[in-house]
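**Student:** The lines below spell out each chain.
Protein chains: 2
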Amino acid sequence: MSISYRRIKRVLFGEPFPTRAEMHERLDKVRALAVFASDPISSNAYATEAIMTVLLLMGATALKLTLPLALGVMTLVLLVVFSYTQTITHYPKGGGAYMVTKDNLGTLPSLFAAAALLIDYILTVSVSVSAGVRAITSALPQLFPYSVELALFAVLLLTWINLRGVRESGTIFAIPTYAFILGVLVAVILGLVRLFGIFGAPPPVPIEHPLPSFAGMDSTALGFLYIWLLTRAFAAGCTALTGIEAISDGVQAFKPPEAKNAAKTMVVMGVIAMTLFVGITFVATRLNLVPYEAESILSQMTRSITDGLPGGTVIYGWVQFFTMLILVLAANTGFQDFPRVSSFLAHDGFMPRWMQNRGDRLVYNSGIITLATLASLIIIVFHASEIRMLPLYALGVMLGFTLSQQGMVRLFNKIMRLKPGETAETNVTTIHYEATAKYKRFLPMFGSVVTGVVLIALVVTKFTEGAWIVVVAIPLLVMMFRSIRHHYDVVAQELSIRNLDPDELQQFADVAIIPMGDVHRGTLRALSYAKRFSNNVRAISISTSPEHRERLLRRWRRYPDVTHGIKLEIIDYEYRDLLTPLIDYITEVTTVEYPDKLISVVIPEFVPDSLFGHLLHNRTADLLQLRLKNLDNVVIIDVPFHIHEREATEVG
Amino acid sequence: MSISYRRIKRVLFGEPFPTRAEMHERLDKVRALAVFASDPISSNAYATEAIMTVLLLMGATALKLTLPLALGVMTLVLLVVFSYTQTITHYPKGGGAYMVTKDNLGTLPSLFAAAALLIDYILTVSVSVSAGVRAITSALPQLFPYSVELALFAVLLLTWINLRGVRESGTIFAIPTYAFILGVLVAVILGLVRLFGIFGAPPPVPIEHPLPSFAGMDSTALGFLYIWLLTRAFAAGCTALTGIEAISDGVQAFKPPEAKNAAKTMVVMGVIAMTLFVGITFVATRLNLVPYEAESILSQMTRSITDGLPGGTVIYGWVQFFTMLILVLAANTGFQDFPRVSSFLAHDGFMPRWMQNRGDRLVYNSGIITLATLASLIIIVFHASEIRMLPLYALGVMLGFTLSQQGMVRLFNKIMRLKPGETAETNVTTIHYEATAKYKRFLPMFGSVVTGVVLIALVVTKFTEGAWIVVVAIPLLVMMFRSIRHHYDVVAQELSIRNLDPDELQQFADVAIIPMGDVHRGTLRALSYAKRFSNNVRAISISTSPEHRERLLRRWRRYPDVTHGIKLEIIDYEYRDLLTPLIDYITEVTTVEYPDKLISVVIPEFVPDSLFGHLLHNRTADLLQLRLKNLDNVVIIDVPFHIHEREATEVG
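Line order of the protein sequences matches chains A and B. For the first sequence, counting from 1, position 35 maps to 34 in numbering that gives the first Met the number 0; every step adds exactly one. For the second sequence, counting from 1, position 390 maps to 389 in numbering that gives the first Met the number 0; every step adds exactly one.
Read the hints as simulated data drawn from the structure, not as lab findings. Check before you lean on any hint, since a few could be wrong.
No farther apart than 30 Å at their CA atoms in a straight line, the calculated lysine-lysine pairs in the DSS-like style are these [unchecked claim]:
| id | chain 1 | residue 1 | chain 2 | residue 2 |
| --- | --- | --- | --- | --- |
| 1 | B | Lys566 | A | Lys628 |
| 2 | A | Lys566 | B | Lys628 |
| 3 | A | Lys439 | A | Lys254 |
| 4 | B | Lys566 | A | Lys530 |
| 5 | A | Lys628 | B | Lys263 |
| 6 | A | Lys437 | A | Lys530 |
| 7 | A | Lys263 | A | Lys439 |
The following block holds chain A by itself, in its conformation from the complex (with noise of 0.2 Å):
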């Protein structure tokens, strides 16, 4: 059975690599973009429709704010992506927000970004599948019934993937990633060509919609009104800024040099994500575009672009088709930083240690089940519908841009005292003069006021609408790290062997008892076996009748050999819960007999060679081991008879 289990195991994830092969499964540039930047690029799809729907609110006529809040929010993600390459410079080992602001802000600051960058890493996988599946849904209606089974299915195939490895997942991405990026620049420069004449001007896509009336509203109310919607609207472009975080955890995926070809990955995808972004929502002001519920905007830009082009539906089935295949990839993203920021809590004891182990191919396995539990969880709870989960969104990702920003201008700070040449030493990393310390702070310094405030914007304007959830469970979260590591604490106090006084672990009573049905070649051997170190040997019956008492006495002396110098106790019970007079045997021996000593239970177990077998029998010994683990001070010894029932069966 475990030869067939090893076999299927190798099948579906490869074979293992040894650890030393870690280095080798690193990532290139090429790859590490594919992996890492398909959140924040596959954003493109929805972010500059989204500033669009929260500015309709306001009227037709506000839809000509969108090109200057895009330009707003690609100066902020610019700003971040920046600030996190300095990050990245500092931090070489990984430096996620949680890392950043352990050094430089403490642990309770700490374990609030890392809950928040969890709970939203998981947001990412269900967000990003639910999105994709509704891409599938919307071209084929009659999928959508089985819209939460499809986002599992998916959810399912990048867990494979991911439990592959991270190199093999690197492979896979890197197609519809480029490609998407291809079909959409080309899209925007046929845009562009067309907006300026070319090829003749592109048609206008007319669309009616219902227009807001804000007719009888005093004009102060309305001045409030409008800063609301558009601050919401802003907000609402910064789901351009989930997944930037990616990069910084994941320095160490990337081959050496490491911290430099992070960085770099890191502006080649900031240029990328803006550059489209930028694009997208140019061409799509310019054709007049409106957002309405049954075509997307990107949907809509490229339709009318290509419209009456040799070629254009190519083209524009292209930009649909990887569209779709790049919304699933991007939950990719939050499988590559969920297991990361687990496994470095894990290490710090806040998360169970085995969240730190990595598998046979070098990923963390129980950090990439863990997340693809959670995210199914959300994703039947939400029905799969990804504009429900929308508001529990990208909070959690701000809080922990603005702590780690924070933390960049303390270390800023640190930097600046010291003198040219110096070096010094924080708790995770090492820190060098630098002459331009003083001018650097000011981009984490005012990129953490920035995402502070859409923070604040985000949890206020979607409170009511699911947001409070996230906010009630970060702390919930920090709670659990905290008494995670308080567990450890005293485990590792008690653990601990400094003060440790030889004798106290020799307190081993001379007596072991064997629990005993039936006096059968199970049971023979274990007394045989008990006999080998104790002169206190008591096998312990519990006889439910006469009958059962004769026969056990009967089978006794038929072998003196063995039975000879054990003590044979029966123990009458009107009851049929036999374990509980054991049990109750057991512990008068531990608490009265032999206070404070370790006594010895000796267990006759026979063990079937099928599973088949095991279903067909009483388990007693098994339930008898559970009980007794529950008591202080007893060694439970196993003696095991196998039935071989193939052998038997070509003889008998």
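Chain A is already provided as a structure; the job is to place chain B on it using the hints.
**Tutor:** Chain B in isolation, oriented as in the chain A frame:
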């Protein structure tokens, strides 16, 4: 934790009963009728309608055949009932089809009977509960989308009631059963009175319904069609026979004299059920009622009879309400019989042995839970639609009847061979000379032929609608029974102490292996323990890095008192799956160093005292134990080290 678990169990299921309380928990005849008869009596809610629905296919005039067919069914029911009273008298320990067939026709036929009946009991639960739920959702259509949930809830409720014990369930079931009988009796009598013109004849129920056209069919084909439909109608009416078997299996649930009380209860049950059945059929056909989907015949009849009478709506409401209740409770017949037949099979080694264990309240817990699980699965698969389940139903019962009555014929043949005053033993019962045996055997002989014909009719007419599932499932179950028995035979043979050479039991190798990740109080304690009984103690550690190896050696040297005389082996390993090299090492020791001897593996395990703590650890010790259990010849010694989180917290 264990104490609070016990408390919850007591609140839910009541105080445990001692084994000697068994007699006190038995049923008097009033309760027994309620417990065993809810299924056959409840079938009056639909048996008449089942016949009419088939007859209607021949046209409305064919409905005149309802009464003759009902009288035929009644004759069959009474035949079977009286045949079974003979069975009960001859098998006072319980004389269901399984027992009787085993005793007279042999093992294989008895397994077929048992398989057929078990399947039918499961279906009794799913069908009855689904029918009951449909009665509720007909009244409250807004509940319809929750049919499956409601049905599962009803199964859960029945499970709970049955786990509390048979006597209590008798008390709970008595009211609805007797109230249903009373209500229907009142309705039938009122109907008869009004049909004779007192209070004025009841108003006709006008129904429009489409009639089939057989135009163009030649008369031979038409003749066959009529015979076919008549057979189907009769077979449909035979659902009234389900549940009759229950009493014969449950003789031992009656207060003494068991057989006499059981036989009396059976006759009373048969008479009541047939009075209601023929009464309903007579009144309903005289009222010219026609079955249609939206309202049951019983409801039409009661409504028409009580129409315009003072208090009429009370009677109508009463009948409808208790019809719903008794339909759900009819499931209880399954809960009575499935666990009992399973326990008979388990006793004979054809089902897992634990099926014959009785729980705290002296009922067969495993049987009850297995039944509830399987019935719930069927409810889910068939979306709680009893209409779709019905084609699978009643086959099993008919096969059981046929075989058991054939068995009785054989038994009477044996009795006929006895001389006056003579007594003989069959495998399970005692037979005495009976002067009238010659005539008595005609009852089961005729009965078995009729039920056999009905069985064939059911299989043929419903094969494609689902009966094939049962036809396939029965032999599969029989195969399962036989392989379970084979397994137990092998185990018994292997464990047998016949021809045991005591030396065989002494094959222990003097070696103790301690897998060890780190040196701490827990591992040091395990090492001390191992030194007590072995002169060849080996500590094995798997090292994944030079740092780990060095740290281990440093701490190892700190406790020469403990580690003296112990061989420390450090194995370098470059994958992360640490258990594999450990298992490989241990396998090598058992197969190469000490073939055919038992070696000891001492596992230091630290046991947190909370579930939370359990989740936080690698569970390496547990996984190692699991994998070691697959190896032959390894004694597993679990040396616990309990972590007391609360105490530690107070001290620290």
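**Student:** Now, for every hint given, state plainly whether the structure supports it.
**Tutor:** Cross-check of the supplied hints:
no. : hint                : result
1   : B/Lys566 x A/Lys628 : 29 Å, holds
2   : A/Lys566 x B/Lys628 : 29 Å, holds
3   : A/Lys439 x A/Lys254 : 27 Å, holds
4   : B/Lys566 x A/Lys530 : 25 Å, holds
5   : A/Lys628 x B/Lys263 : 53 Å, violated
6   : A/Lys437 x A/Lys530 : 78 Å, violated
7   : A/Lys263 x A/Lys439 : 18 Å, holds
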